[in-house]
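**Q** Chain residues, written in single-letter form:
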Amino acid sequence: MKANFKYNICWLIVMIAGFYAINTLILVGVINAFIENMLVTIGINIILAVGLNLVIGFAGQFSLGHAGFMAVGAYATAIITSDHANAAGFWTSIVVGIIIAIVAALIVGIPTLRLRGDYLAIATMGAAEIIRIIINNLKITNGAAGMFNIPQFATWPVVYIMVCVTSILIVNFIHSRGGRAAMAVREDEIATESMGINTTKWKLAAFVFGAATAAIAGSLQASYVQTIAPTNYNIMESIAILIIVVLGGTGSITGSFVAAFVLGILDTVLQDFGTLRMVIYAVVLVVMMVFKPSGLLGTWEFSFKRLFGHRKPKGETQA
Amino acid sequence: MSTILKVDDLVKNFGGLAAVSNVSMALNDDELVALIGPNGAGKTTVFNLLTGVIVPSSGAITFNGPNGTVPINGMKPYKVANLGLARTFQNIRLFKNLSVIDNVLIAMTSHYKEGFIQSVFRLPKYYKTEARIREEAIDLLKIFDLQDDINVLAKNLSYGIQRRLEIVRGLAMKPKILFLDEPAAGMNPEETADLTRLIRKIQREFHITVLLIEHDMSLVMNLAERIYVLDHGSLLAEGTPDEIQQNDAVIKAYLGEEA
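Read top to bottom, the protein sequences are chains X and Z. Read in order, the letters of the first sequence are residues 1 to 319 in the UniProt record's numbering. Read in order, the letters of the second sequence are residues 1 to 259 in the UniProt record's numbering.
The set of hints was computed from the structure by calculation and includes no laboratory data. The reader is advised that the hints may include incorrect statements.
To be verified - As a list, the in silico DSS-like pairs of lysine-lysine whose alpha-carbon atoms are at most 27 Å apart:
#1 LYS142/Z with LYS201/X
#2 LYS125/Z with LYS6/X
#3 LYS125/Z with LYS201/X
#4 LYS76/Z with LYS201/X
#5 LYS305/X with LYS155/Z
#6 LYS79/Z with LYS201/X
#7 LYS305/X with LYS128/Z
#8 LYS305/X with LYS76/Z
For reference, chain X alone in the conformation it holds in the complex:
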């Protein structure tokens, strides 16, 4: 109990220090509007990647529909804050986005999570397309033209706090009864079932949880960028999130953080290269997958417990 308290304090200090570091760097002008924009984008990508990592890396369910749930959150925020342009409207819109995403994830998940591997990927991809096409054809979402002049409430501190909150919730879930059950499903579904665990229930729990965090990221993005259109949430967006997860290492939350930073910085640095940018970006991915297919960090996880505890021999896990 006391030891746990110590690690929690450590994490709190890291988060507060990070906040003040960014704040100071903005004040002294090291971080300009351009870099701030990059950091916010990285933050939103972290939320998306951590949520998708829960589904793919921990529950072992290959979902390609993350952008669909992101769209749900984005449009909830766009529609609600256009009418109620105040902070209360913004936070309400996030909650509404989460609820709709949860309902959508349940509707999609209950029939499709019986599928495995490639089949599940195709089914979730189809589900995300359905969400996008519905948005494309509704009046309230302004159809294919999308929505603009969305009031900006998602400033960098809001995004920073939401990155911390969603990551903590997901990591806590992973280290609980439900998270262990989800990991057991990833490892061996038949054995899990013979342990008296309802596998469908825990697959669905992870999937719905991932969808809810995607909706949060969508809300933040819509509010920060201020312009959204249905084409932003097509299959390429789902794949972009998948790339972060795979590059960082499926099954490593730390990896998702690192990969979101690496790709975010790479993306920004390469902006001067024009068309060549996407080629270099793709080459980096190919090289990465050839030489380190398990991702940057594999399943390695940063942990204060290990940092303070005595070193353990190789091949052991972290708590």
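Given the structure of chain X, go ahead and fit chain Z onto it with the hints provided.
**A** This is chain Z only, laid out in the frame that chain X set:
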């Protein structure tokens, strides 16, 4: 002694093949029963039928638990498991990339409650529950001498210890009946002797019924109180180890007929 599991005229057809035909058997409380038979006799199919992994074509399986008699054919495997029927697998199915203790904690999943809100917000109750079940898991691992390996990944354990962990994982479910599918497969004589002692210990300390599939006759004849012999999907004989050793039909099934 009362019957805990009763199997009546169990049939399973795979297409035109009758993998199991008209098998009837009964397991009593605290009993150690072995199920033997030549390769392809349908032993594992019987296990899969009893644990709900496959649905029988016809016949009845009834479990006589503390909450009365429950028919378990057609029930989902996780529900069967929660009645108190635990199993191990012929080809080890541990959660390989998880630690030893996580493997045991996962098996205990349906024996403790931990609310979603409690765990994602790490309320004090979460720490209490985690501490309690970890202690319980470690106590169980201590009985089987695995307490030094709790943080080792299951895949890094030696073969014999992996088999042992699979049994411990089954016991963590607090079962009434434990099904062991070829626990001695691939073991050397020394490891088999260890296993024999282990199964005896389980019987003595946990008071559960054990049904064992095994090819190693020394282990079977040493341990089993009663033996069922299966051949080509149907029951060939039933009796004590001595009776089975003298049974002509059994000898014929294993060694073939005299020329």
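**Q** Determine for every hint whether it applies to the structure shown.
**A** Hints, verified against the model:
1. With a C-alpha separation of about 32 Å, the suggested pairing of LYS142/Z with LYS201/X is violated against the 27 Å cut-off.
2. Restraint check for LYS125/Z and LYS6/X: satisfied, since their Cα atoms lie roughly 18 Å apart, inside the 27 Å limit.
3. Between LYS125/Z and LYS201/X, the direct Cα distance comes to roughly 23 Å. Compliance with the 27 Å bound is thereby established for this hinted pair.
4. Between the alpha carbons of LYS76/Z and LYS201/X the distance comes to roughly 13 Å, so the proposed pair stays at or under 27 Å and holds.
5. The straight-line distance between the Cα atoms of LYS305/X and LYS155/Z is roughly 23 Å, inside the 27 Å bound, and the hint therefore holds.
6. This hinted pair checks out: LYS79/Z and LYS201/X have alpha carbons roughly 13 Å apart, not beyond 27 Å.
7. This hinted pair checks out: LYS305/X and LYS128/Z have alpha carbons roughly 19 Å apart, not beyond 27 Å.
8. For a cut-off of 27 Å, the pair hint linking LYS305/X to LYS76/Z is broken: about 40 Å separates their Cα positions.
Consistency with the previously given hints fails for numbers 1, 8, ordered from lowest to highest.
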